[in-house]
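Which chain is which? The protein sequence lines are W and A, in order. The opening position of the first sequence corresponds to residue 1141 in the working numbering, with each subsequent residue numbered one higher. The opening position of the second sequence corresponds to residue 1141 in the working numbering, with each subsequent residue numbered one higher.
Everything hinted at is true.
List of simulated lysine-lysine pairs, DSS-like, C-alpha gap at most 25 Å: (1) A:Lys1341 x W:Lys1324; (2) A:Lys1324 x W:Lys1341; (3) W:Lys1346 x A:Lys1324; (4) W:Lys1359 x W:Lys1206; (5) A:Lys1371 x W:Lys1324; (6) W:Lys1207 x W:Lys1273; (7) A:Lys1324 x W:Lys1371; (8) A:Lys1346 x W:Lys1324; (9) A:Lys1184 x A:Lys1207.
No lab work stands behind these hints, which were simulated from the structure alone.
There are 2 protein chains.
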Amino acid sequence: MLRSCLARLRTLGALRGPRGGARPPATDTGPALRLLSSEEVILKDYSVPNPSWSKDLRLLYDQYMKKCEDGSWKRLPSYRDVAVQETEDFKNFFHDSKLIKEEQMPQARVFIRSYEDGLGFEFVMFHNDVEKKTVCLFQGGPYLQGLSGWLHGGAMATMIDITSGMAASIGERIVTANLNIDFKRPVPLYSVVVINSQLYKAEGRKLFVSCDVRSVDGKTLYAEATSLFVKLDPEKSST
Amino acid sequence: MLRSCLARLRTLGALRGPRGGARPPATDTGPALRLLSSEEVILKDYSVPNPSWSKDLRLLYDQYMKKCEDGSWKRLPSYRDVAVQETEDFKNFFHDSKLIKEEQMPQARVFIRSYEDGLGFEFVMFHNDVEKKTVCLFQGGPYLQGLSGWLHGGAMATMIDITSGMAASIGERIVTANLNIDFKRPVPLYSVVVINSQLYKAEGRKLFVSCDVRSVDGKTLYAEATSLFVKLDPEKSST
Chain W
1141 MLRSCLARLR TLGALRGPRG GARPPATDTG PALRLLSSEE VILKDYSVPN
1191 PSWSKDLRLL YDQYMKKCED GSWKRLPSYR DVAVQETEDF KNFFHDSKLI
1241 KEEQMPQARV FIRSYEDGLG FEFVMFHNDV EKKTVCLFQG GPYLQGLSGW
1291 LHGGAMATMI DITSGMAASI GERIVTANLN IDFKRPVPLY SVVVINSQLY
1341 KAEGRKLFVS CDVRSVDGKT LYAEATSLFV KLDPEKSST
Chain A
1141 MLRSCLARLR TLGALRGPRG GARPPATDTG PALRLLSSEE VILKDYSVPN
1191 PSWSKDLRLL YDQYMKKCED GSWKRLPSYR DVAVQETEDF KNFFHDSKLI
1241 KEEQMPQARV FIRSYEDGLG FEFVMFHNDV EKKTVCLFQG GPYLQGLSGW
1291 LHGGAMATMI DITSGMAASI GERIVTANLN IDFKRPVPLY SVVVINSQLY
1341 KAEGRKLFVS CDVRSVDGKT LYAEATSLFV KLDPEKSST
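Based on the sequences and whatever the hints tell you, model everything.
Laid out in structure tokens, this is it:
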């Protein structure tokens, strides 16, 4: 029962390996359910507007929601929680790795959803399956600061990893094998950027993704990146 | 007065550009002072043990503090705040960039010190100036989760960027130009890893750093990376 429920939850982009946090539910219109034993949990979807979103972010969100109407694009919900089964799959692959103790797990949060609204990573992702593209609309909050007034490069790297991973992971269990980022310009804190990623090559279990980060008007290039993701294959574990 | 005070604060590794957060004070034994107009602020140094530190992290910390006794290694304090003057330098370089509004700045925190003790990035860095090495002892807390029980790859990328930047930045204002990471194995949440970085080449304003991330016993390789940092030169701004 747990497996079949999770199977329904695991649709487009559900299983991204270690860089999770965005995992679409069975439908894209309501909250996702998660079953643990007899307990039913309603997962909050954080990829929807909240009062901290700027006008730029809301306008872009509306534009992409419009693109979703004909089914060519899909909004990808994201949660603060990750499914137990995904972890088991991953543990089986890296079977010498040690997991944390059971009692430590309730405190854990998905990194990119670990802050309260508006303080950290505010974002929503949209995926186009035909074009193999994922777009992330991202607003970096005040707790993601590098130098005073600027977004930290590590926060930018995190969002590039996540967005690129989503372009690669649709329907696949994957891990990031390589992430190569050219930082072109610093991103002002609180500003909105558009992260465009595209799966451009697949060779066996290897998935190659390109990515760029631009201002809302597209005129300023903040970063470019390439990344390599590898599909997990339980028959060929790493050890 | 502000500049001279800040100059005293800006010693080893003080000015790292956009990936800041670790900035040694005038001495390595007490809290750092910061002057803003007539206000004197005592900055809390977060690179010291707190109750969330595991036995592994405390033991490693003690080992490196021992290495500091002959002056070959130095502990690098780090703060939640960043100095205004550093931002001005950076703004001058990227002079078309927009900073956030004055009223938004008080809420901002340095990303890698934005969580309460034990929840996020727990770390301390040590630098060896003769060998051009920086070592970071890092414990990832429960808010840095990727898949359940594992550290998020973006959090790992952040710490690699920070540690590599410290190896490159000693006495220099720099920005990260490229970050290229090979992820070898996922890192269990709450575990301690050792991040070793080394400045191996300098060509004009370009600084090249190598880095690896290993388990405490050195046997498990979690990640390898190379990175390129560029010294800021106010005479040659980017626009």
